[in-house]
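Taken in sequence, the protein lines are chains A and B.
Going by our numbering, the first sequence opens with residue 55, and the numbers climb by one from there.
Going by our numbering, the second sequence opens with residue 863, and the numbers climb by one from there.
It is worth saying that the hints were derived from the structure and are not from the lab.
All C-beta atoms in this analysis are idealised placements derived from N, C-alpha and C, irrespective of residue type, glycine included.
A few of these clues could be false.
Distance condition first, Cα-Cα at most 16 Å in a straight line; then the derived EDC-like pairs of lysine to aspartate or glutamate [to be verified]:
1. B:Lys1123 with B:Asp1235
2. A:Lys64 with A:Asp104
3. B:Lys941 with A:Glu73
4. A:Lys206 with A:Glu289
5. B:Lys1193 with A:Glu307
6. B:Lys941 with A:Glu200
7. B:Lys1348 with B:Asp1363
8. B:Lys904 with B:Asp890
9. B:Lys941 with A:Glu156
10. B:Lys1234 with B:Glu1290
11. A:Lys222 with A:Asp261
12. A:Lys98 with B:Glu944
13. B:Lys1081 with B:Asp1426
14. A:Lys101 with A:Glu90
15. A:Lys101 with A:Glu73
16. A:Lys67 with A:Asp104
17. B:Lys1265 with B:Asp1288
18. B:Lys1193 with A:Glu200
Beyond 12 Å from chain A on every Cβ pair, some chain B residues (computed) [to be verified]:
19. Glu882
20. Arg1018
21. Glu1023
22. Lys1081
23. Glu1200
So the chains spell out like this:
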Amino acid sequence: MMKVNLYPLKEFKLPVVAECISPDVFLGKTPKEIGELEVWEGNKQKKLGDLFKVEVETTGSSQETPLITVQGDVSRVRRIGAGMKSGEIVVKGDVGMHLGEEMQGGKITVYGNTLGWAGSMMKGGTIEIHGNADDYLGAPYRGSTEGMKGGKIIVHGNVGREAGAHMKKGIIKIYGSAGQFIGFRMKGGTIYVQKDCESRVGACMVDGTIVVGGRVESVLPTFTIEGLRKKVKIEEGEVVEAPFYLFIGDLAENGRGRLFVAKEPNPHLSHYEKFL
Amino acid sequence: MELLIRNGLVYDPINGVKGEKMDIAVKDGKIVEKVNERKAKKIDASGMVVMPGGIDIHSHIAGGKVNAGRLLRPEDHFKDFERKTVVTRSGVGYSIPSTFTTGYRYARMGWTTVMDPAMPPLEAKHTHEELSDTPIIDKASYPLLGDWWFVLEYLRDGGIEECARHVAWMIKATKGYAIKLVNPGGLEAWGFGHNVESIDDQVPYFGVTPREIIRGLCKVNKLLHLPHTIHVHTNNLGKPGNYVTTLETMRCVKDLAEDGKPVIHITHCQFSAFKGDDWRTLESGAEEIANYVNAHSHVTMDMGQVIFTDTTTMTADGPFQYTLYTLTGNKWTNHDVETETSAGIVPFHYKRKSYVHATQWSIGLELALLIKDPWKILMTTDHPNGGPFIAYPRIVAWLMSRKAREATMKKINLKARSRSLLPSIDRELDFYEIAIVTRAGQAKALGLRNKGHLGVGADADIAVYNFNPETMDPSRKYNAVRRAFKHAAYTIKGGQVVVKDGEVLKHIDGATMWVDVQLCEPCEMEVNEDLRRRFKEYWTVEFENYPVSEDYLAVSQPITVKADV
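All chains should be modelled from the sequences, with the hints used to inform the complete structure.
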């Protein structure tokens, strides 16, 4: 197996666009060829080797898709792993925008924070973020309605606004808190927020499931209460055992989306119980 | 500067040149008899097709609603961008490209003249700012006058001559080129939340019918001797069964034609050629329309071909766009209702597997192939409504090759395929006919005397395509045709080589053409007096600030006509 280590040679001041940092692209290339790959730094075209020190270790067959490890702060480097189909990327540091955009398979693990649009429009594979994720996690580019169509995103920290907007399939698990408009215009799939959520959860959603384990500022008036549930299944092998309110919405869009909100942290929602 | 294009196979339908090997000489931006062979720059076009520069009679490239479309669709630009080069500026596509990109992309295909077909008079300045920023190509714009209060009032009162004087002033004030009618009467009704259903419905509050508007403006057009006919987007566009309205629209001006000259241009006819009672029973009405056009000479039309892609629909037909929004549930904008017209924008994805979309694709090509005289049916996509203009090479291939059509037919909706008339049509256009539908016919319909041909004195707008019809059969090598039209070997604009092998070599300004209608002196005064009074009473804009002055255009190219009033 081929292992590629990338070390940033400097602190980036300008945005770097490097969709070439992807296991499928590196596969079968020599260290020199990897260093020759094209990237953009600001408005100048550069080679990957100009910005990163490239180290390659090969053990066994070179036909397996490589493991890429990026060591250091790459918070200005965009589109790492965009469109990747297989292999693995590990980033030990913060990562820039559009991480794993439109990825179809493989795995990305980040031991740090990510900026906006991580896993944007993804179709398959897994992204695990051990720090925080910024806005538009798994959401499409501005204006587009082509949301996440598959795959899994796990965030151990907090996320910003509009996570999972326009989502159609797949799962997003957030073990921290989330900003406003989680699951905006969602059409399917599952979003789980273990801690608190800001307001407007599931605005304009038509289908899919959102589960909030912590406090929700408010539930939109276009959601109607459907009942109380003792537990909620997030995915195979993960069930949250606690009482949940189940809301259906967004009725403004004739939606049938399911919004589960934990009962205990939300005493301000108890007035809904009289409608049951 | 002198230029000599040698040994090309020249297709120049206006002068009857049909693939003859000959040289074209250019001097000072015009085509001349001959140049000094030793001094002139030579271009070897042997084994290549030489045609006049392409002309587009109907393409939404500038103005308020085009710009609103750009704002509405950031995702349209995201994946299609052009970096700046030493000579060109950066920009974005795809269905609503930025001004610079529009100019470059047309030039790369060998197109040199483009008409923007819908300019709300209140937004004329904005439109001209964008047109001035569109490089290389020559352009013009048609002001929307079919729902303009003054026009409706004059026509209601039967004042054709007064209406003509007013229209003359409007065309001069907006620096426009032709009279555009969009869903005549319907847009005014849309301002009050209504529409008109047939050409004999009354327009609310005005007491005129679309028939009276179309006939009235057709008479006005004749009185003013405008170079183009009236340019009509029919009522009921985009509704199943609307081919009847289209036929009635063509019939209603039949008696106004003289000497077999066209008096009406039906634009993007594909959208007006639907048969059936609803979307499920939708069928092609192309045969009926083609039969009518084949039997009459007072009509020209353009295709409005649909391309299977993600595009942005935008027309001044607000009520139609609202219907489209309710059908698709997509985001949309209602625009320009505060001006003399209306407009709507809805992103739209034409899909091969959709019965309706595949039928629309078929209707466009059926029209082009069933109408026997290529001078009557011109090639457009109604950019960006049917698809972006960069799809023209694909349409050329479909028109030239039955095989190309069959290849696409294999991939479309089964029901649409079984009902399509295309399998029964063997006709394949040759390069001479392609030169008509993309250039000569467009120039003739627009009344452009110096464009669309390569005769002595014509503007030196020339396209050279790397395809040799002597050794290759376009019907079989349709992909080679597509490639040739996608990247012109040379595009020459005003005698300057602007594109070579699909690369833009020069960023030059194209001219903005407009019609300077000359009325008799006293009646010009009369028009102004009436308008001034009305502006004071009703407008938020001062009369003085309304017209576009000539110095507003980067390169102004007036075309003077003498009116009968």
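Hints, one by one, checked against the model:
1. B:Lys1123 with B:Asp1235: holds, 14 Å
2. A:Lys64 with A:Asp104: Measuring from Cα to Cα gives roughly 10 Å; hence the hint holds.
3. B:Lys941 with A:Glu73: holds, 14 Å
4. A:Lys206 with A:Glu289: At roughly 11 Å apart (the allowed maximum being 16 Å), A:Glu289 and A:Lys206 satisfy the hint.
5. B:Lys1193 with A:Glu307: holds, 13 Å
6. B:Lys941 with A:Glu200: This hinted pair holds, its Cα atoms lying about 13 Å apart.
7. B:Lys1348 with B:Asp1363: Measuring from Cα to Cα gives roughly 10 Å; hence the hint holds.
8. B:Lys904 with B:Asp890: Distance ~15 Å between B:Lys904 and B:Asp890 Cα, so the pair holds.
9. B:Lys941 with A:Glu156: holds, 12 Å
10. B:Lys1234 with B:Glu1290: holds, 11 Å
11. A:Lys222 with A:Asp261: Status holds; Cα separation ~9 Å.
12. A:Lys98 with B:Glu944: holds, 15 Å
13. B:Lys1081 with B:Asp1426: The hint holds at about 11 Å.
14. A:Lys101 with A:Glu90: holds, 5 Å
15. A:Lys101 with A:Glu73: Holds, because 12 Å separates the two Cα atoms, which is no more than 16 Å.
16. A:Lys67 with A:Asp104: Answer holds: A:Lys67 to A:Asp104 is near 14 Å, not above 16 Å.
17. B:Lys1265 with B:Asp1288: It holds: about 10 Å lies between the C-alpha atoms, which stays within 16 Å.
18. B:Lys1193 with A:Glu200: Given that 16 Å is the threshold and the Cα spacing comes to 13 Å, the pair holds.
19. Glu882: holds, 46 Å
20. Arg1018: Holds, since 43 Å exceeds 12 Å.
21. Glu1023: holds, 49 Å
22. Lys1081: holds, 45 Å
23. Glu1200: holds, 24 Å
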